[in-house]
Each structure stands twice: as structure tokens, then as C-alpha cells.
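**Student:** Make the full structure from the sequences, and use the hints.
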Amino acid sequence: MANYTKVSYKKDELNLEISKIFKQLMEKKVVSAVLAPSSQSSGVVRQTLIVNPIKTAQIDLFAPIIPVNSAKIASSLTAKPSGKNIAMVMRSCEVRAAIELAKLNQINLDDVLLIGLDCFGRFENTDFSKLLEQNLTSESFIQSAQSEKVAVNGFDIVGACKICEYPVPDNVDIRICVIGADTNSFGVEGVSEKGKQALGEIGLTGSEPPGKRKELVEALSKKRSDLLAQKLDEYKQTINSIQALEDSLANCINCYNCRVACPVCYCKECVYLTNTFRHEGEQYLGWAQREGTLKMPTDTAFYHLTRMTHISTFCVGCGQCTSACPNDIELTLAFRSVAKASQARFEYQAGRSLDEQQPLTLFHDDELVEVTGQVK
Amino acid sequence: MSEFEPKIVAFFCNWCTFTAADLAGTSRLSYPPNINIIRVMCSGMVDPKFVIKAFLNGADGVLIGGCWPGDCHYINGNLKARRRVALLTEVLKQYGISEDRFWLRWIAASEGNMLQEVAKEMTEKLKALGPSPVNVNKLAG
Numbered sequence: 131m132a133n134y135t136k137v138s139y140k141k142d143e144l145n146l147e148i149s150k151i152f153k154q155l156m157e158k159k160v161v162s163a164v165l166a167p168s169s170q171s172s173g174v175v176r177q178t179l180i181v182n183p184i185k186t187a188q189i190d191l192f193a194p195i196i197p198v199n200s201a202k203i204a205s206s207l208t209a210k211p212s213g214k215n216i217a218m219v220m221r222s223c224e225v226r227a228a229i230e231l232a233k234l235n236q237i238n239l240d241d242v243l244l245i246g247l248d249c250f251g252r253f254e255n256t257d258f259s260k261l262l263e264q265n266l267t268s269e270s271f272i273q274s275a276q277s278e279k280v281a282v283n284g285f286d287i288v289g290a291c292k293i294c295e296y297p298v299p300d301n302v303d304i305r306i307c308v309i310g311a312d313t314n315s316f317g318v319e320g321v322s323e324k325g326k327q328a329l330g331e332i333g334l335t336g337s338e339p340p341g342k343r344k345e346l347v348e349a350l351s352k353k354r355s356d357l358l359a360q361k362l363d364e365y366k367q368t369i370n371s372i373q374a375l376e377d378s379l380a381n382c383i384n385c386y387n388c389r390v391a392c393p394v395c396y397c398k399e400c401v402y403l404t405n406t407f408r409h410e411g412e413q414y415l416g417w418a419q420r421e422g423t424l425k426m427p428t429d430t431a432f433y434h435l436t437r438m439t440h441i442s443t444f445c446v447g448c449g450q451c452t453s454a455c456p457n458d459i460e461l462t463l464a465f466r467s468v469a470k471a472s473q474a475r476f477e478y479q480a481g482r483s484l485d486e487q488q489p490l491t492l493f494h495d496d497e498l499v500e501v502t503g504q505v506k
Numbered sequence: 003m004s005e006f007e008p009k010i011v012a013f014f015c016n017w018c019t020f021t022a023a024d025l026a027g028t029s030r031l032s033y034p035p036n037i038n039i040i041r042v043m044c045s046g047m048v049d050p051k052f053v054i055k056a057f058l059n060g061a062d063g064v065l066i067g068g069c070w071p072g073d074c075h076y077i078n079g080n081l082k083a084r085r086r087v088a089l090l091t092e093v094l095k096q097y098g099i100s101e102d103r104f105w106l107r108w109i110a111a112s113e114g115n116m117l118q119e120v121a122k123e124m125t126e127k128l129k130a131l132g133p134s135p136v137n138v139n140k141l142a143g
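Heads up: the protein sequence lines correspond to chains U and S, in order. Numbering of the first sequence is given in our numbering, commencing with residue 131 and proceeding in unit increments. Numbering of the second sequence is given in our numbering, commencing with residue 3 and proceeding in unit increments.
Fair warning: there could be bad hints in the mix.
[Said to hold, decoys possible] Residues on chain S that point at chain U, a partial pick, calculated with CB under 7 angstroms:
1. Tyr33
2. Asp73
3. Tyr76
4. Lys82
5. Arg85
6. Val87
7. Val93
8. Leu131
9. Gly132
[Unchecked claim] Here are the simulated DSSO-like cross-link-like pairs (lysine-lysine), alpha carbons at most 30 angstroms apart as the crow flies:
10. U:Lys140 with U:Lys185
11. S:Lys55 with U:Lys425
12. U:Lys425 with S:Lys122
13. U:Lys353 with S:Lys55
14. U:Lys279 with U:Lys352
15. U:Lys366 with S:Lys55
16. S:Lys95 with U:Lys233
17. U:Lys425 with S:Lys51
18. S:Lys51 with U:Lys361
19. U:Lys361 with S:Lys127
20. U:Lys140 with U:Lys150
21. U:Lys366 with S:Lys129
22. S:Lys127 with U:Lys470
23. U:Lys470 with S:Lys51
24. S:Lys95 with U:Lys361
25. U:Lys352 with U:Lys292
26. S:Lys95 with U:Lys425
27. S:Lys9 with U:Lys366
28. S:Lys9 with U:Lys353
29. U:Lys366 with S:Lys127
30. U:Lys324 with U:Lys158
31. U:Lys352 with S:Lys127
32. U:Lys366 with S:Lys51
33. S:Lys9 with U:Lys361
34. U:Lys425 with U:Lys398
35. S:Lys55 with U:Lys470
If you're looking for bench data, these hints aren't it; they were derived computationally from the structure. Backbone N, C-alpha and C define an ideal beta-carbon position, used for all residues, glycine too.
**Tutor:** Structure, rendered in C-alpha cells:
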């Protein structure tokens, strides 16, 4: 049964109305803590762990920014369960990354009330700060995005969001919806039984979502999918050799920020930071002999290709790698392109379901016969 | 100009394919010297990095030899290898290293003749394909 409650807000009171919901969830003891994007004293918006209901006033859910993929934060909060119920607010890419991390035992979702947000995209962190100076509010952004205008004052959302075919998160308990919502309103939708129950506790029983919602979500998703297909096609045509890959990575300085920002690159110690890749001078000189020269630092394409083999089966395409790159390398497309191929090979889709096992965590006797082409 | 001789890096499982290569030797079955054998304890321990590094350093082909499904000395290392090879094939394909250059084959310890066949077949295939695109670009650049 559908459970969608329309909540109206007066001008400049979007955050206030949303805060009330979280305050009630805490006061009714549905959850003992809330992790939600909130305003900081500096003005920027960051994920914030709130345990005092009064502090929910800081909440600013729809600020168009994801400074860190929250799946990583969820991992620090739940990898070792605290036994406390926590409501966590995430967007689609964060939810999908969280699902993948849960499969890798890096997150425990048992005590989490997962609250997903409709997403029109995010700005780069620095762009968002500049927009704040120009008095951008979540409310104004959402209203402009609802009329299909996401670029603001010359700043546009990041590339990864433009090609993200999942504006609405699945696998959540509750969704806070703005796509297809009437002007000056948003929707609170109970998705799972757990979510419906939680909303029931605070008197949000709801009914059917607005009729145009489904259509608008599909249209937005299709628009982005079409652009994704076009971008992937371009990428495939142009970056189709090791040389082209190396050229596209020419500005890489081996800082490994993309690995740090990646929500699903979860190793505590990356092999590229170990002695395996710390060589003696003599070794480098030896390698330089081959062609007479050796680019330093070495192993740049090697590093990115390794990361592709490690995470492409569960890359969710959140674009944090590109955002973290100090030299503006467009890694998102590379990873989305390879991820598409490798996930298709195993009929897997990152973040689709908690019940699907990750491709490299299972194997069968009688599969992938085409790899060797041999039958006994 | 002399004929192109492909360089093939071969990771052979100690328990099957490596022994098969030994058998081929003692049975006087000759196979092309293009195969450069690295003995590993299981096809399942061939880290994708080994393969990527081989290609980046100019290998024209990479051959992994493992035990037939059901025969793995470590129960299922070969099955894990097969999944990894499928994945790595998808990654390499994007960057112009086709699956014709990256083979996984099951060769049991008793199959010295099959080792000879596979070595010949892969060498012929790579001769027809020509040098790895990684090398072609290096030479041109």
C-alpha cells in the first residue's frame, strides 16, 4: 500500500518542515540519532551526527552537495554495531554504495533507518561554497531544478550527476521526494515496512504519491540515461588503447585521492602504498633501460587499471573520484565505461539489491565456459 | 625482415600445467619458445596485477594454465581464476587488448600434448594478430 504524505511549507521554511520530521523521529524514540546533511557554523553543509533533537534545526537535506560519499561515514558508524537506531539520510549513489559496502561487511544496516532523497545532482564543493556566498538556498535550488534548470549563476552540477540514471534511491526505508511534488511542498514516502512503521509512529500514514511523479522520474532518468549512453559511446571510441588511457591520465600525479574518495575502494591499506610498489633506485634505473626513459612517479596507468579490476564490478558511478582529483581528470567516465562492461558480464548491477552476491565472491563449477572454450 | 615473434608470458599452475610442460619436455614434444613460463602454485593466485603488468611491459599475450574444474589442488582456485579472467578481459578489452591475447586454459598434468597444442595455437594466433598495440604505440612514439 502506498504511503506518501504531502508536506507543505511556507516560503523559506523547507528546512524547518523537514527538521520537524527528524525532531519527531527522535522525540518518539524511533531513532536515537540522525545522520543528516546540516549547516555548519562556517556556512557549509556537511553530514552531521545529531543526538540532541533541538539540533535538528540545522538540517539542510537538499543542499546540492555531497562532500563525502556518506556510505563511508555509515561504515565508520556501523562497521561495529553500536546497538543504537540511527536514521541516515543519503542520496541514490550513497545508498547504492552502502549496499555494496554492506555486502563486503563494512556496513551493518540492521539498526539503520535509511532515508533516501530525490536528487537533482550536486555541485563541486568549491562551487557550492561560491554559490552560498551568492545566497543559494536548498529551497531555491530545488524549485529551479523542478523546472528543469539545475545550473545556477554559471555553475553546473557535476558530470557524474548529469549521467546518473538513478535520481530516486531504491532500497531505502523512507524517501523524501521533491520530484513531481507541488510547488512549496515535498513528500515523505514510507518505502519498506520498517519505514512505514517509523512514519506511523509520527503520524504520517499517507496515501498515493502525486500522479505526475512516476512520469517525471522516468523522464529525468531517461534524459540522463540517454546522455550516459552518448558519453560512454564517445569514451569507448576515443579512449580505446593503453596509449589513449595513458594520455587521458597525463595529469595524474599518483596522489591516490580518487582511491580515498571512492566509497567502495574499501581496503584499509592499499597495495599501492605498500612495499610492493616501493622500489629501490636500482630497480627504477633498470626499468628505464628498456626505452631509455621512465616517467616518474611510475605505474600510473597500472594503478588505475588495478583499481578497475578491484572495484568495477561494484562501482556505483558517484563521481567522487573525479571530484577528488586535483588535476581534473575525468575518471568517472572511465570507471562507468569499464563498470558497465564488467557488471554486464556477470549480470550484476551495483547497488541493485542486498541479496545479490558480488561477482567475485562466488563461483560455480559449470559457468563461464566461454572463458576457456574447453569442455571435458 | 625477420618474422614477428610474439612474447607470451605464461603463468602455469604447479600441479597441472607446469607438470604438463615438464611432461612435454621429457616426452620430447617441442613447443614454441615464445612461451615464457612462470610457475605459480595455483591459477587462482594469479593476481590481475601480474597480467596487467605483463601487458604494460610489452607482453604480446598472457596465458594462464590451470587445472580442470574439479581437479584444483586447492579445491576451487581455478574457478576463482576463471571469474577473475572474465573480469579482467572486460577491463583490458576497453583499452584495446583483446581476449585473443589473454587466454586461460585447463591443462592437466598428464596433458603434455595439449600443452604443446595450446602453445603452438596461441603463438600462431599472435603471429597473425601482430605485436601488442602497447608495443606498436611505443615503437611509433
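**Student:** Hints numbered earlier in the text: which of these fail when held up against the supplied structure?
**Tutor:** 1, 2, 3, 8, 9, 12, 13, 19, 28, 31 and 33
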